[in-house]
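In order, the protein sequences belong to chains A and B.
Numbering of the first sequence is given in the numbering used here, commencing with residue 6 and proceeding in unit increments.
Numbering of the second sequence is given in the numbering used here, commencing with residue 63 and proceeding in unit increments.
No wet-lab data here; the hints were simulated from the structure.
Please read all numbers here as calculations on a predicted model, not as lab measurements.
One or more hints might be untrue.
Listed below are the simulated DSS-like cross-link pairs for lysine-lysine, each with C-alpha atoms no more than 27 Å apart in a straight line [what the hints assert, rightly or not]: (1) Lys-112/B x Lys-87/A; (2) Lys-189/B x Lys-99/B; (3) Lys-15/A x Lys-220/B; (4) Lys-95/B x Lys-12/A; (5) Lys-12/A x Lys-272/B; (6) Lys-244/B x Lys-15/A; (7) Lys-67/B x Lys-22/A; (8) Lys-96/B x Lys-12/A.
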Amino acid sequence: MNNPIEKSFKLYRSILKGAKIVPVKNPIYPQIGDLRKINTIPSIYLSLVEELPFYQEKLYKALVLTEEIQLGWLSKETPILKLPRYRVILVALPFWVYLTEDFLQNFTQKVGKLSVDSMTKLLHYAEYTDLNDFETLKPIQVKYIKLVMQYLAPYNTKSLLTFLEKLESAEKTPQVVQLNDQVVNALSEYTYLKAATSRRAVKGKNFFAYVEELPDQARLIVYFPQNFIGKRATIKLKGMTVYEGLLETDKIIVENLPLLSDYSFLEEEFDVQV
Amino acid sequence: MKNYKELLNKLLTNKLEEKDFLTLKTNFKNLFKKALKNYFSADVERLFRKHYGSDYLDVLSQELFLRILTQRETLMSLEFIHENYLLAMAQNIIHFHLASEFKMLKAEVNFNDLLPSDDPEQQEELKLEETLPKVFIDYLEDIEVKNLVDTIAKTFSKKDLETLCWYISKSVFQTNFTVDVKRDLLYKRWERLKPKLSQILPRDLLHEQKSRKFCEAVMSEICQKLHLIKK
Numbered sequence: 006m007n008n009p010i011e012k013s014f015k016l017y018r019s020i021l022k023g024a025k026i027v028p029v030k031n032p033i034y035p036q037i038g039d040l041r042k043i044n045t046i047p048s049i050y051l052s053l054v055e056e057l058p059f060y061q062e063k064l065y066k067a068l069v070l071t072e073e074i075q076l077g078w079l080s081k082e083t084p085i086l087k088l089p090r091y092r093v094i095l096v097a098l099p100f101w102v103y104l105t106e107d108f109l110q111n112f113t114q115k116v117g118k119l120s121v122d123s124m125t126k127l128l129h130y131a132e133y134t135d136l137n138d139f140e141t142l143k144p145i146q147v148k149y150i151k152l153v154m155q156y157l158a159p160y161n162t163k164s165l166l167t168f169l170e171k172l173e174s175a176e177k178t179p180q181v182v183q184l185n186d187q188v189v190n191a192l193s194e195y196t197y198l199k200a201a202t203s204r205r206a207v208k209g210k211n212f213f214a215y216v217e218e219l220p221d222q223a224r225l226i227v228y229f230p231q232n233f234i235g236k237r238a239t240i241k242l243k244g245m246t247v248y249e250g251l252l253e254t255d256k257i258i259v260e261n262l263p264l265l266s267d268y269s270f271l272e273e274e275f276d277v278q279v
Numbered sequence: 063m064k065n066y067k068e069l070l071n072k073l074l075t076n077k078l079e080e081k082d083f084l085t086l087k088t089n090f091k092n093l094f095k096k097a098l099k100n101y102f103s104a105d106v107e108r109l110f111r112k113h114y115g116s117d118y119l120d121v122l123s124q125e126l127f128l129r130i131l132t133q134r135e136t137l138m139s140l141e142f143i144h145e146n147y148l149l150a151m152a153q154n155i156i157h158f159h160l161a162s163e164f165k166m167l168k169a170e171v172n173f174n175d176l177l178p179s180d181d182p183e184q185q186e187e188l189k190l191e192e193t194l195p196k197v198f199i200d201y202l203e204d205i206e207v208k209n210l211v212d213t214i215a216k217t218f219s220k221k222d223l224e225t226l227c228w229y230i231s232k233s234v235f236q237t238n239f240t241v242d243v244k245r246d247l248l249y250k251r252w253e254r255l256k257p258k259l260s261q262i263l264p265r266d267l268l269h270e271q272k273s274r275k276f277c278e279a280v281m282s283e284i285c286q287k288l289h290l291i292k293k
């Protein structure tokens, strides 16, 4: 007898090669508890179990389920989910991915809602199932699960990378603006100003800034409200435009500021318009 | 390989003529025939025949029409609809019926349930099933046992196979098969074989009905085929 599981695997692999994920027509915003189907053939289902907020975006921890019972079923412990409305039966796969809310909203369809108890069981199965235990007994199933992992990797890694990039850009590489001579000269009137306050923190209308003094110049580190990210902004100092463009993060650094004894004028003269 | 794009486009835009419908229906029946033959055992086909009657392929092909409606959005976006897509769908429909123990056919299909615009918020919370029905587990275990026996046949030495056959026939089936090897030596070999076996056998094998299936498969697929035991 030829091995039906091996044949199933070959069929699945051939389909997955050409699989394309397409945008959904009626996007529904993701929520914890959602059971979602990635808009592709062969179908892959996701159970959203956890939400990780980060700045403007959210990442969701999603457990993976499949209609390929022969390939996905590892033991009697494997969770089973029936969708009678769609006449579909699913088995859980023992792994999860992290996906962005944007991906989930635009490329997956919501097909139902899972009970909390079911979500806990799915998570438990994924956490405690070691694929190595099945290498000898169910080698094709293990190959299949790794193939699905691989297929989802770009979306998974992408969401993780996006997550890290955001973290990095927000923490380490904010946008830097260099003041030109014209602006610097315009600030010379403040050079001989007696310090009214030694404060280095400046609070504007819609920003909060901190002055960092270096040996030969000062830097202004400006923080914006989070909802400014991704918006076009015009930043002016003493009426002169020093930056015009997209705010990539919620932080911008203005360099080449002359060393002064008092920076409180910035509260009036530094202006950000979104 | 056949491209179903044109026919399915017509189906999904309500422009299917009767002759096209008949072509699709015949093709779908053939797809199920192929799916049952390639991806399932003869037992599964017998079950469908038993529960749904001799026109079970008709019944299943209707299900594929339904499935295509639910996959409308994804299918319409494809430029080439490979026959394999439908073959995989056919396979999953068979899974669904096996898992429902052939009771789902009696449950009426509500077409409104299949509309993509249907609000999923209105649905009840879904809960996991306790387990797959026995008929499905039997089938999955049969395949597992078959794979196991294949692995043993391929990787064990002739001596090991001989010992395994001797042990199973003696202690499981209480038969008097003999081997041309001294009894003491067989016991020693069996002691050496045990750890090797425990490495590849699943832990639950010796405690469940699966073990009976395993022993029967070893006897028929290895011992008898290779003439390792004599009466």
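Hints versus structure:
no., hint, in the structure
1, Lys-112/B x Lys-87/A, "holds (23 Å)"
2, Lys-189/B x Lys-99/B, "violated (33 Å)"
3, Lys-15/A x Lys-220/B, "violated (32 Å)"
4, Lys-95/B x Lys-12/A, "holds (15 Å)"
5, Lys-12/A x Lys-272/B, "holds (23 Å)"
6, Lys-244/B x Lys-15/A, "violated (46 Å)"
7, Lys-67/B x Lys-22/A, "holds (18 Å)"
8, Lys-96/B x Lys-12/A, "holds (12 Å)"
Hints 2, 3 and 6 from the list above are not met by this structure, while the remaining hints are.
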